[in-house]
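Given chain A's structure and the hints, the job is docking chains B and C onto it.
Chains as they are written, first to last, in my numbering: chain A, 1 to 316; chain B, 1 to 275; chain C, 1 to 311.
Derived by calculation from the structure, the hints in this document are not laboratory data.
A quick note: this is a predicted structure, and the numbers were derived from the prediction, not measured.
Hints may contain errors.
As the list claims (entries may be wrong) - Pairs of lysine-lysine residues, derived as DSSO-like cross-links and limited to a Cα-Cα distance of at most 27 Å, are as follows:
| hint | chain 1 | residue 1 | chain 2 | residue 2 |
| --- | --- | --- | --- | --- |
| 1 | C | Lys123 | C | Lys214 |
| 2 | B | Lys75 | B | Lys40 |
| 3 | B | Lys40 | B | Lys198 |
| 4 | C | Lys123 | A | Lys56 |
| 5 | B | Lys198 | B | Lys75 |
| 6 | B | Lys249 | A | Lys191 |
| 7 | C | Lys214 | A | Lys58 |
| 8 | A | Lys56 | C | Lys9 |
| 9 | C | Lys123 | A | Lys100 |
| 10 | A | Lys58 | C | Lys123 |
| 11 | C | Lys214 | A | Lys100 |
| 12 | B | Lys40 | B | Lys249 |
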Amino acid sequence: MLRIEGLTVGTDSADLVLDVDLELAPGETLCLVGESGCGKSQTCLAAMGLTAHPVKRKSGAVRFFDTELTALGEHEFSDIRGRDLAMIFQDASAALNPVKRVGDQVAEVLCVHRGLSRREAMARAVELFEMVGIPQPPRRVRAYPHELSGGMCQRVMIAMALACRPRLIIADEATTALDVTTQAQILRLLKSLQAETGAAMLFVTHDLGVVAEIADRVAVMYSGRIVELADADALFTAPQHPYTQGLLACRLHVSSTAPARLDAIEGTVPTPASRPQGCAFRMRCLRASETCHRLPALAPMGTGQLVACHFPGGAA
Amino acid sequence: MSGGELVLTDIVRLYGGGWFGRHAPVRAVDGVSLRLEPGKTLGIVGESGSGKSTLGRIAAGIEVPTSGRVLLNGKPYAPMGSAAWRRERASIQVIWQDPSRALDPRMPIGGQIEEAMAAHRMLDRAGRLARVGELLELVGLGGLGHRYVHQLSGGQQQRAVIARALSLAPQIVVCDEAVSALDVSVQAQIINLLNDLKARFAISYLFISHDLGVVRHISDSVAVMREGRIVETGDAQAVFSAPRHPYTKALLAAVPAATPAERRAREALSRMETA
Amino acid sequence: MRASFLLSKVLRGLVTLLLAVTFAFLVLRVSGDPVTLMLPDDTPPDIIERYREIYGLDRTLPEQYLRYVGGLLNGDFGYSFRDGRPALDVVLERVPQTLVLGTAGFLITSLVGIGAGIVAALKRGTPVDLAAMGFAVFGHSMPNFFFGIVMILLFAMTWRVLPSSGTGSFAHLIMPAVTLGIGGAGSIARFTRSSMLEVLHQPFMRTARAKGLKPARRVILHAVPNAAIPVITVLGLRLGGIVAGAVVVETVFAWPGVGQLLVTAVAQRDLAVVQTIVLLVALTMVLVNFLVDVVYGWLDPRMARAGKETA
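One chain only, chain A, in its complex shape (with noise of 0.2 Å):
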């Protein structure tokens, strides 16, 4: 229900996310990971239309069920937003209105999508609030958002998120903020309201333990690009690309032992300025070639996963 074909999103002088193909059916959880400046918050802000000055959609087609959401002007994408498209973002305190009680920052999505009015929108907020595990909803409802905490924050932004039911909800690293404990229970709260609503989700994230306890399917993005797309369990248990692949190994887990020395992948993440010619990733990967000087595609291999690599596979 949701389709993004051949996206590309930068400024003038830099493209921040190339030419990404992504498929979302109802229900389904799609994780997409990425280090820091690989694109994957601008692929969700490109695809709500959300991108700010300078950053601009370059091309691509974002199709969300019958409706193309590129060629939708501000004013009809704004009915979508909020009810029908939902985004959870980072940072909740910082992204709620300070001097606005949160209750009605929740109302508001309700009076303005479902014409509520404003009594009935704020009881609709208790509910919501209750919903998503805030002690207490008639007396939080008219805390300020400085009054709380990080993760009521957070819960709060799920209820506005989730206050018209929308069918995709997008949620951008809503959990790195947040202590281990509240992690787990908003994770576990975000995947029981979807079961309940057969929301799908887009859930944007750098932590592959995040990925593991979420996600159906995962995309991996690096430099802008996606480099591999599998389901969850094959991306775990047998990564194609090489990046994925340093990635799992360098990874530190409280269950188990890592090696004295981790497997750790030389080199930095290039800057969109400095991306490298072909595939991004050539300078930092042991198997380059000459061949890598010419961009892989996103090529399925036999296990049902995308991998754009001219050497994919081996040993982890």
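Quick look at chains B and C alone, frame taken from chain A:
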């Protein structure tokens, strides 16, 4: 040269308290005793509000506890701000979470490392410059001494901070979320670097983090903090594989699974337990 | 906590008042002899001495000061040299006119200034923005008396659409109010613009857009309330500029308010009147500052509360 030894005894740190004790003060650290052994890494884990950062600052001598004692190699810190205290700073360095704020944006990083040494009157100018070159090589920034902060990536910035800390030949380095703001692949590089340096220069680390995986990997022993108190300590591997305190268990249970398979196994287990 | 906060504010206000009056007191007496100014040039010295005695000007400075302050506390503000009436009456009868002019000028400063600032911020970088900021610089740097005189030349003399001076109708108010308000409007516009720009880039504005709110709603209900907070404080401070400006504007347009009175009273060394006006102005400023603090605390919920509830 062996690393420094740090002993904290009954550290309490209170904040606030209103007028005439109208409001109860915030007990950021509420009776903590720890020992950092020479040449070892002691990890401190906790969630936000656990007081671990405050404890780190007290351990490093840059914050004075309300009560309790800190002994560096058997001696207490000099009064804060005094000349003796400033000289002591060379023995115990701190690395913070955000390297871009720990470095001066208007000076090349080589210059900043040299400045640190000059402040402690180490070597002469020629000697310092040579040492700067050595240190940069050591941390993987060889030849980049002329660069400014904004010309370096996050990982490179943190390396520069480490080089500067190293230049003073510290015995103890306190790392307060030192790798938390870095990408996973860069984290691995920096952790490798820290371990290499520890082996080479016999530095003791006090590693504070909320990331259990990182702490498990880098620490010899670990202390779990909650609301200003230590709830469990012990050998890192032992604590994480067989936690005793309910809070530690809860923390570990909350960590996201490593793979989907592990997640399903957990879910199955909890279904069985509740059934 | 609240009570002590208020108390300290009140104390500070009182100290400010005392300092202001003391300053006026000293300057007036040190800078010239009121009696000789008041009486004809050829008055014999002993008559001058007698007048001095009557007005208490033959006493030492500290003694005069104490008598004055003592008088104040009893509600005695002294008497005007010019017509012998109580200074307080003389001043108070002029207050309504200045109030009208000041309010009109302040309204212009705030409405024009804030409006221009918001528009400039929304249309940043476009000709509209440049025009608005150009106007702001103009208003800010143009001396108000010059502007007033030019306005009189144009509107009263050349085009004859507005009366050149005096009071009586709404038309009389237009030019003085605009002259008074234009300077402040310029700086308020610049300040509002930068405050708006800062707010527009905040994360919560992106959330508002993501919620599907239309641009107008976003600006009016989300951006402006946040941007207004620092602007309100600056507006309050601007009131000092209104007061200072009123003195000049009233003189240029012969507007019979307190400002005009002040100018003549200073020239004539009408001590009691000047001191009373200074006291009045200082009191106004103290009250306004206090009001600004209260409004700020009310507008920004972060100021009112102290603690944070935890998850």
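Hints versus structure:
1. C:Lys123 with C:Lys214: 17 Å, holds
2. B:Lys75 with B:Lys40: 19 Å, holds
3. B:Lys40 with B:Lys198: 8 Å, holds
4. C:Lys123 with A:Lys56: The hint holds at about 18 Å.
5. B:Lys198 with B:Lys75: 23 Å, holds
6. B:Lys249 with A:Lys191: 23 Å, holds
7. C:Lys214 with A:Lys58: 24 Å, holds
8. A:Lys56 with C:Lys9: 51 Å, violated
9. C:Lys123 with A:Lys100: 25 Å, holds
10. A:Lys58 with C:Lys123: This hinted pair holds, its Cα atoms lying about 23 Å apart.
11. C:Lys214 with A:Lys100: 18 Å, holds
12. B:Lys40 with B:Lys249: Within the cut-off at roughly 25 Å; holds.
Violation of the numbered hints given earlier is confined to hint 8; every other hint is satisfied by the structure.
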